[in-house]
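Work out the full structure, taking the sequences as your base and the hints as a guide.
Going left to right, the sequence shown walks through residues -27 to -1, 1 to 367 as mature numbering (1 follows the signal peptide of the UniProt record, and there is no 0) numbers them.
No wet-lab data here; the hints were simulated from the structure.
Any given hint might turn out to be false.
What the hints assert, rightly or not - Taking CB as the label site, the calculated pair distances span: (1) 197 x 268: 40 to 48 Å; (2) 194 x 149: 19 to 27 Å; (3) 198 x 356: 40 to 48 Å; (4) 197 x 42: 31 to 39 Å; (5) 271 x 175: 37 to 45 Å.
Beta carbons: idealized from backbone N, C-alpha and C, even for Gly.
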Amino acid sequence: MKVFGRIGPFCALLAMLGLGLVSPSAAREDTGEGVSQEPALLLGYELPLTGANAAYGRVFQEAARLQLDRFNAAGGVGGRPVDILYADSRDDADQARTIARAFVDDPRVVGVLGDFSSTVSMAAGSIYGKEGMPQLSPTAAHPDYIKISPWQFRAITTPAFEGPNNAAWMIGDGFTSVAVIGVTTDWGLSSAQAFRKAFELRGGAVVVNEEVPPGNRRFDDVIDEIEDEAPQAIYLAMAYEDAAPFLRALRARGSALPVYGSSALYSPKFIDLGGPAVEGVRLATAFVLGASDPVVVEFVSAYETLYGAIPTLFAAHGYDAVGIMLAAVGRAGPEVTRESLRDALAATDRYAGVTGITRFDPETRETTKILTRLVVREGDFRVIDRSDFSPVLP
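So this is what it looks like as structure tokens:
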């Protein structure tokens, strides 16, 4: 049994801090193929492995394992393997700050992935930015995250990109008045705001603007307002676990209003949780199951074979985040430092992932994606326009 990148002192530190260290990649069978006997390069990954958002952390970890195994099997960095050290943030800002300090203080950690939510990613990011640690989040979409410092990157588009695209779609479909319902998280608020601004700039009217806490299951007041104001359609700045119960409540009240939403609805669980109530919902996403792209086909097949489940959009974002980081590690050598890794990340250009091509803008470090429009039909996501559509910005 070969142990790559032994992490005994660091394990002890995290254990004392109660950080729920998990490092399944740190003790793998050495097949003698592809990688050398050198100590592994070490990346940190803070993600929620317990708590309300543990399901997201688990798919991130599963996707990371696939990508890391693939990278090391191909020879790692000049024959040297890369290892990932996972720490459970519980999607808690204070916990994330503690993890960030521990990662920063370990000289072997050259870069960090995570976290899941914008709020927690920004909490940790304030430390990474100050201390000069490259941070790449799979899903932190709040506009302010990337503004923390030159050390922050993300593998996802922002509401400032997705909102205008969806607003243009709804205007193009003939809707001039809408209700916007969002969740009271940093991501939810920024998503709702970006959509509202873009919709109004195109001449539309937002006649209902409501925010609900994550996990809320009482929607009567919101639905009352929708009935009173009579919008032509609804836009949801929600993830699937909140949108599905809202739609069940909406349809139970007899509403047949058309519904559009963010890409965070793209999960088989949205259909499982919502049933007939989510029929007809429209959304746009950078990752589509069943796409013919060989990169997507390989990912979906490998994920399903290993885990017995179909990968979600969040698994796809996690897979690409690790892939982008590992590709940058490969370019940052021969001696990978935090600074050389940051520079290699910033130079990312045309990384071909399962969510499309990623290129970080030299000035903003933001990325754009081609989005595919989907609709829920007969209990499945169906492509509306397989030719996709070009990014539309205000």
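TODO: Using the beta carbons of residue 197 and residue 268, state whether their distance is inside 40 to 48 Å or not.
DONE: holds (47 Å)
query = Could one say that the CB atoms of residue 194 and residue 149 fall in the range 19 to 27 Å?
reply = For residue 149 against residue 194, whose Cβ atoms are near 25 Å apart, the range 19 to 27 Å holds.
*Taking 37 to 45 Å as the hint, is the beta-carbon distance of residue 271 and residue 175 inside that range?*
Because 39 Å falls inside the window, the suggested range holds.
CB of residue 197 to CB of residue 42, is that within 31 to 39 Å? Given range 31 to 39 Å: violated, Cβ gap about 52 Å.
Starting from the hint 40 to 48 Å, judge whether the C-beta atoms of residue 198 and residue 356 obey it.
For residue 356 against residue 198, whose Cβ atoms are near 33 Å apart, the range 40 to 48 Å is violated.
The structure fails to meet hints 3, 4 from the earlier list, while all remaining hints are met.
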